[in-house]
Amino acid sequence: MEPEFWRERWARDQIGFHLPEVNPYLQRHWPQLALTEGAQVLVPLCGKSLDLMWLASHGLRVLGVELSQQAVEAFFNEQNLTPRITERGAFKVYQAALIEVWCGDFFAMGAESLADCAALYDRAALIALPPLMRARYAEHLNRLLRPGCQGLLVTLDYDQTQKAGPPFAVMDDEVKVLFGSHWRSDVLEEQDILGESWKFVQDGVTRLDERVYQLTKR
Numbered sequence: 001m002e003p004e005f006w007r008e009r010w011a012r013d014q015i016g017f018h019l020p021e022v023n024p025y026l027q028r029h030w031p032q033l034a035l036t037e038g039a040q041v042l043v044p045l046c047g048k049s050l051d052l053m054w055l056a057s058h059g060l061r062v063l064g065v066e067l068s069q070q071a072v073e074a075f076f077n078e079q080n081l082t083p084r085i086t087e088r089g090a091f092k093v094y095q096a097a098l099i100e101v102w103c104g105d106f107f108a109m110g111a112e113s114l115a116d117c118a119a120l121y122d123r124a125a126l127i128a129l130p131p132l133m134r135a136r137y138a139e140h141l142n143r144l145l146r147p148g149c150q151g152l153l154v155t156l157d158y159d160q161t162q163k164a165g166p167p168f169a170v171m172d173d174e175v176k177v178l179f180g181s182h183w184r185s186d187v188l189e190e191q192d193i194l195g196e197s198w199k200f201v202q203d204g205v206t207r208l209d210e211r212v213y214q215l216t217k218r
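The UniProt record's numbering applies: residue 1 is where the sequence shown begins, and numbers increase by one.
One thing to keep in mind: the hints can contain errors.
Unchecked claim - Simulated pairs of lysine-lysine, DSSO-like, Cα-Cα distance not exceeding 27 Å:
| hint | residue 1 | residue 2 |
| --- | --- | --- |
| 1 | K199 | K163 |
| 2 | K176 | K163 |
| 3 | K176 | K217 |
To be clear, the hints were calculated from the coordinates, so they are not data collected in a lab. Note that the coordinates shown come from a computational prediction; the quantities given were computed from them, not determined experimentally.
Using the sequences plus the hints, can you model the full thing?
Structure, rendered in structure tokens:
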């Protein structure tokens, strides 16, 4: 899972993880976080997600982080936004209105860059990473985000022996191990989505559950 892996996925348009619509879990559950207008939301591994636009349309300042420059430029082009581009350390930062996307390695983010973040939205970041990187990712979030931070986390749960990731299976027990010491995690919703996931069915997966958590940083 080196950076070049994801750059090649974007270059080859192998982006089945990209949703052509706003995530329904986001629309359904985000309001209960009760964030104030102007609060900043961290969206790791954001790609060109339409969820960024939805969050901004609700008066939130969005801070996305994405490794692929192609994905970042595609987002602003497709949304008819002309970003101001600056350099900040190892990152190229694209900013337009309430949205800024930091193009670079998420693990290079420092706490000072996220000092204003009051929320986290992770639909496809944790499940994009193999086990050791998931642990590193969670530790990084634990260091970067302040107590009181609210968030939504979406995971997939299936038999990993039936299909290699990404996206990877992340069981409920692993979520508790990764986040339990620093976050309160509450399951908001669980859906059986095997019937709408033909690639998983083709690969022989017999169970596929999507789970949505509300996270609160202690």
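Here is what the structure says about each hint:
1. Distance hint between K199 and K163 is fulfilled; the C-alpha atoms sit about 10 Å from each other, no more than 27 Å.
2. With a C-alpha separation of about 23 Å, the suggested pair K176 and K163 falls inside the 27 Å cut-off, and the hint holds.
3. A threshold of 27 Å between alpha carbons decides the hint, and for K176 with K217 the separation of about 13 Å falls inside it, so the pair holds.
Every hint, counting from the list given before, is met by this structure.
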